[in-house]
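Participant: Numbering (the numbering used here), first residue to last: 1382 to 1639.
No lab work stands behind these hints: they were computed from the structure. Accuracy of the hints is not assured; some may be wrong.
To be verified - Cut-off 30 Å, straight-line C-alpha distance, at most; resulting in silico cross-link-like pairs (DSS-like, lysine-lysine):
1) Lys1606 to Lys1515
2) Lys1574 to Lys1493
3) Lys1390 to Lys1606
4) Lys1552 to Lys1508
5) Lys1552 to Lys1493
6) Lys1443 to Lys1508
7) Lys1493 to Lys1508
8) Lys1390 to Lys1618
9) Lys1515 to Lys1443
10) Lys1432 to Lys1515
11) Lys1432 to Lys1574
12) Lys1432 to Lys1390
13) Lys1443 to Lys1432
14) Lys1574 to Lys1508
15) Lys1552 to Lys1443
16) Lys1515 to Lys1552
17) Lys1536 to Lys1574
18) Lys1515 to Lys1493
19) Lys1443 to Lys1390
20) Lys1606 to Lys1552
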Amino acid sequence: MNDLQIHSKITSMEIDVLQALHQRTLEKYTAGPSIDRARLFFLLLPFFDGKQWSDDMEDSAKTVAIVYAALHAHDQVEEDSPISKSQQLTVLAGDFYSGIYYQMLSNSNNIKLIQLLASGIIGVSEKKASLYEKTIMPVAGIESAAEVIETELLKVFYDYYGCSQYSAIAKPALEYVYFSNQLDSFRNGVETKILRKLNLALPLPLYSERWLLDKLDSLHSELTKVLDVHPMDFNLKNFMLHQITPHQHLAEQLTREG
């Protein structure tokens, strides 16, 4: 499968999810649903890798993407900001998206998957809530929170459909995307909840950039090693390394140090 075919399939699922979540008023006053293409790639990874892919798996993958959109919408509510129409509608958007995925799961009559995803959502929500606490979180706790937030629901999907072998690939890749976004926020002067925790955990806030660069290097190395031993098509591995996790950060680090 070449890059164009991979992009086309991701786009097709993205359109389906956006159509399922479409609500004119919410999209007028909020940022609209957030659909992360890297997550869609990993939800579709068994399909790309030639595994059996049923309509039920396709629908469940879309449902997981909608769960992530609902959780992301709730994250956009600013706790210290005055309650505005946009903020109120953002809360409603998260609730609306949640209703959509509950409806989709109910229509499938897949009680076991409903239970597993519900448990996963609780785990993700608990980690997200921990980022709001004003206590200092150790670096290991920050890493654990990022792993659960980014991969827990995907692992539920993989395990349920007998594709758990992909978790070892998705974990470093999605964490890489997550911390790469944190690095971008740091350099743009935007303090995210994770960055706030990281700044408190390290001796000086300026150490956060170096920690993120080292973390990205470590994750990319982990991903490369996992892919080296996985019997996967070269084009698919190449897509992952250069389209999902383009590792320009190590070169930036070496340039700065030089």
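Participant: Indicate, hint by hint, whether the structure satisfies it.
Facilitator: Hint check:
Restraint check for Lys1606 and Lys1515: not satisfied, since their Cα atoms lie roughly 37 Å apart, outside the 30 Å limit. Taking the CA atoms of Lys1574 and Lys1493, the gap is about 33 Å. The hint is violated against a cut of 30 Å. Distance check on the hinted pair: Lys1390 and Lys1606 sit about 26 Å apart at the alpha-carbon level, within 30 Å; holds. The hinted pair formed by Lys1552 and Lys1508 meets the criterion: a straight-line CA distance of about 16 Å does not exceed 30 Å.
Taken as a hint, the Lys1552 and Lys1493 pair is honoured in the structure, with Cα atoms around 24 Å apart against an allowance of 30 Å. Restraint check for Lys1443 and Lys1508: the C-alpha separation of about 23 Å stays at or below 30 Å, so the hint holds. Our distance criterion of 30 Å between C-alpha atoms is met by Lys1493 and Lys1508, whose separation comes to about 23 Å. As the CA atoms of Lys1390 and Lys1618 are separated by approximately 16 Å, the hinted pair is consistent with the 30 Å bound.
Straight-line distance between C-alpha atoms of Lys1515 and Lys1443 comes to about 35 Å, which puts the hinted pair past the 30 Å bound. Annotation: proposed proximity of Lys1432 to Lys1515 is violated, straight-line Cα distance about 45 Å (limit 30 Å). At roughly 38 Å between alpha-carbon atoms, Lys1432 and Lys1574 are farther apart than 30 Å, so this suggested pair is violated. This hinted pair checks out: Lys1432 and Lys1390 have alpha carbons roughly 15 Å apart, not beyond 30 Å.
Proposed proximity of Lys1443 and Lys1432 is supported: the alpha carbons are some 17 Å apart, at most 30 Å. At most 30 Å may separate the alpha-carbon atoms for a hinted pair to count; Lys1574 and Lys1508 meet this at roughly 12 Å. Only pairs whose Cα atoms come within 30 Å are accepted, and Lys1552 paired with Lys1443 is accepted, the gap being roughly 19 Å. Proposed proximity of Lys1515 and Lys1552 is supported: the alpha carbons are some 27 Å apart, at most 30 Å.
With a C-alpha separation of about 24 Å, the suggested pairing of Lys1536 with Lys1574 holds against the 30 Å cut-off. At roughly 36 Å between alpha-carbon atoms, Lys1515 and Lys1493 are farther apart than 30 Å, so this suggested pair is violated. Only pairs whose Cα atoms come within 30 Å are accepted, and Lys1443 paired with Lys1390 is accepted, the gap being roughly 12 Å. Taking the CA atoms of Lys1606 and Lys1552, the gap is about 13 Å. The hint holds against a cut of 30 Å.
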